[in-house]
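Number of protein chains: 2
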Amino acid sequence: MKIVKIGVIGIGNMGSSYVEMLDKGQIKGAMLTAVCSSNEGRIAWVETHTQGDVKIFKDEETFFNESGVDAVIIATPHYSHPELAKKAFAKGKHVIIEKPAGVYTKNVLEMNAAAKSSGKVFSIMYNQRANPLYQKVRDLVQSGQVGDLKRTNLIYTAPYRPQSYYDSSKWRATWEGEGGGVLINQAVHQLDILQWTTGVMPKSIRASSSLGKYHDIEVEDDVTAFIEYENGATGVFIASTGEAPGTHRFEIVGDRGKIVVEDEKLVFHQLAQSEREFNATYTGGFGMPESQKIEIPVVSENDNHKIIIQNWVEAILKDSPLLSPGEEGVNALEISNAIYLSSWLNESVHLPVDANLYYEKLQEKINTSTFQKKHVTNTTLDVKGTH
Amino acid sequence: MKIVKIGVIGIGNMGSSYVEMLDKGQIKGAMLTAVCSSNEGRIAWVETHTQGDVKIFKDEETFFNESGVDAVIIATPHYSHPELAKKAFAKGKHVIIEKPAGVYTKNVLEMNAAAKSSGKVFSIMYNQRANPLYQKVRDLVQSGQVGDLKRTNLIYTAPYRPQSYYDSSKWRATWEGEGGGVLINQAVHQLDILQWTTGVMPKSIRASSSLGKYHDIEVEDDVTAFIEYENGATGVFIASTGEAPGTHRFEIVGDRGKIVVEDEKLVFHQLAQSEREFNATYTGGFGMPESQKIEIPVVSENDNHKIIIQNWVEAILKDSPLLSPGEEGVNALEISNAIYLSSWLNESVHLPVDANLYYEKLQEKINTSTFQKKHVTNTTLDVKGTH
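Residue numbers (the working numbering), protein chains in the order written: chain A, 1 to 387; chain B, 1001 to 1387.
Since the hints were derived computationally from the structure, they do not count as laboratory data.
Keep in mind it's a predicted model, so treat the numbers as computed, not measured.
Don't take each hint at face value.
Within a straight-line C-alpha distance of at most 30 Å, the following computed DSS-like cross-link-like pairs (lysine-lysine) qualify [as the list claims (entries may be wrong)]:
#	chain 1	residue 1	chain 2	residue 2
1	B	K1028	A	K136
2	B	K1086	A	K136
3	B	K1086	B	K1293
One-sided and incomplete, this derived list gives chain A residues near chain B with beta-carbon spacing under 10 Å [unchecked claim]:
#	residue
4	G257
5	K258
6	S300
Ideal Cβ positions, reconstructed from N, Cα and C, are used throughout, including at glycine.
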């Protein structure tokens, strides 16, 4: 295979951007040959916005059977990612899915098993893994320069959303349509970055989430979670779409240093010796280990989506390693599911969550929902500059 | 009265600094005329380090009855503050106490009642209230420029302490001697600032505290607390003495702006309109209210202790208002007691805490303690540059 023939399923905010990216030839070694959408308006948009020979399919079965694509980008609403990915693997297609991996781990684990047995290349759009900023953070932690983990602190109130965002589609911010709010949608990248940079998953989570606190929605738009790690380290994760201007700050503390990322700037405080050694040997009462503050310049460009797609295409063509393996999509979802479950049960939840219990509780939310959206505008939003 | 005759009770780290401050004439309208301590070594220190005519008392009864002082500075270990203050008020003395107000609210409330009925001037060493930085923060909130409170976030891991600090005195960091760790000692200023700047007390607290996590002590040296306010706002408070270099960052978010104080720098993000109004009226999907980032220069000098003492002396001489009324000392203690109680009970605790329940639980800690300090150095530490 010299050129990967790609089909895009789902032409919403993100799918449209992938259609343009591929049609404009921005991905080397790949071409857009098909799209699949049941939305007439979006099909018309594809017809007027693409130059290449793009076949249009209105149902998934025909798309998978007749499109002849090698690989599919799944950019449909969250719930459908695992089912569509499983279908794609069954047809021998390579797959990249939009985030989140799904809404509950039960079928995401099935998707991972299907990916494995298919042998196809499977990636997930955790575009922040392409960000040099977080790659550097991960390097610092994984190389041992931060030392043993003591504390993580991630405040992500930056993704402000006004009511009109939630009113743009019927499925948005409903238990049935999206399966959650800020956690499942905006903050899922940060949950991935939290576990990917540190290399550890939380042991348990105790969380509080507020439903429709700042918006007329039935899901959470404000969350605070307390995290405990296996080694005794603790963490706090805060996410909200109701604050302006919000904060985006990530702190990782170890016994050999501290990382602070705020407003895309990376600062590393490097200790001259382990704080644990200093503590045991220093006799002066007041005092602390010497440290130097290192501002690490990192250039972040806003083409991380493109990098992830390109990386996936290269893995298909050359068997090169993936930046964002699809199987790892379950990690952020585990954390997000644990935060929900803890809020719903009002107790600490151990990870991995009970996949069946989570699924049942989510079905309860869906089945007992009485929420009606008052004003749906059915707008496709331009995602430029957002994650 | 033209000159306030002052006696200092307790010549430890803080008491020694007040003795020097007064003896060197750094407080206008006041003079040091007596000290009270039962520690021979500290008495010898006073004799060699003071120039003025300073009477020395070894027991409190004689000190209160015979010293002839108008006012007392109480700088003894925490537990004794309420009892000594009550004795001082009974003898008609003006009082300033070191922080914390006490260890449990039961007797602190009694102290407040005694202060009120005495009619004497009562202050507490919340020296950070003299810091122009926090005065400005308070002004911004109290003047309505931040708007309705949404979230507070206070990370105070700056007060690093090595084991040798805890080994400097037998009473330090024990339930019996100090009644707690980082909360009751190092972080009490921040708890005061949290409620004083925002003007609101938490409604409830859910907390986790780790005992002797980073040090060989029986009390907590690492705490994370989740706060809920009456209006639905939430907050997180983190304190630790086990991180180097630590963080000192305070964020206050309202519907009209956001304050961030970090490393003694104050930034105010001021919105052009209320986020609540923007949310209700904006139709663009993605977008947020306009804001401007204002860096507010504030000069913080390290003479806040002196300012508080001077302010108290002026209140005695001229009936001028107190920056830090003693009766308000109970507020930070309420928050700290709630954090302990929540950790001990492993549940949410409403404020004000049940004063009797807290007292009983603390007695349990003291009575069941089996901890023995391995290495006590009996060192008086120089507190310059600390709070």
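Hint check results:
1. Between the alpha carbons of B:K1028 and A:K136 the distance comes to roughly 55 Å, so the proposed pair goes past 30 Å and is violated.
2. Between B:K1086 and A:K136 the alpha-carbon distance is near 58 Å, which puts this suggested pair outside the 30 Å criterion.
3. Between B:K1086 and B:K1293, the direct Cα distance comes to roughly 48 Å. Violation of the 30 Å bound is thereby established for this hinted pair.
4. The closest approach between the C-beta of A:G257 and any C-beta of chain B is roughly 9 Å, which is under the 10 Å cut-off, so the hint is satisfied.
5. Using the Cβ-Cβ criterion of 10 Å, the hint placing A:K258 at the interface with chain B is satisfied: the shortest such distance is roughly 6 Å.
6. The beta carbon of A:S300 is not positioned within 10 Å of any beta carbon in chain B (closest approach about 19 Å), and the interface hint is therefore violated.
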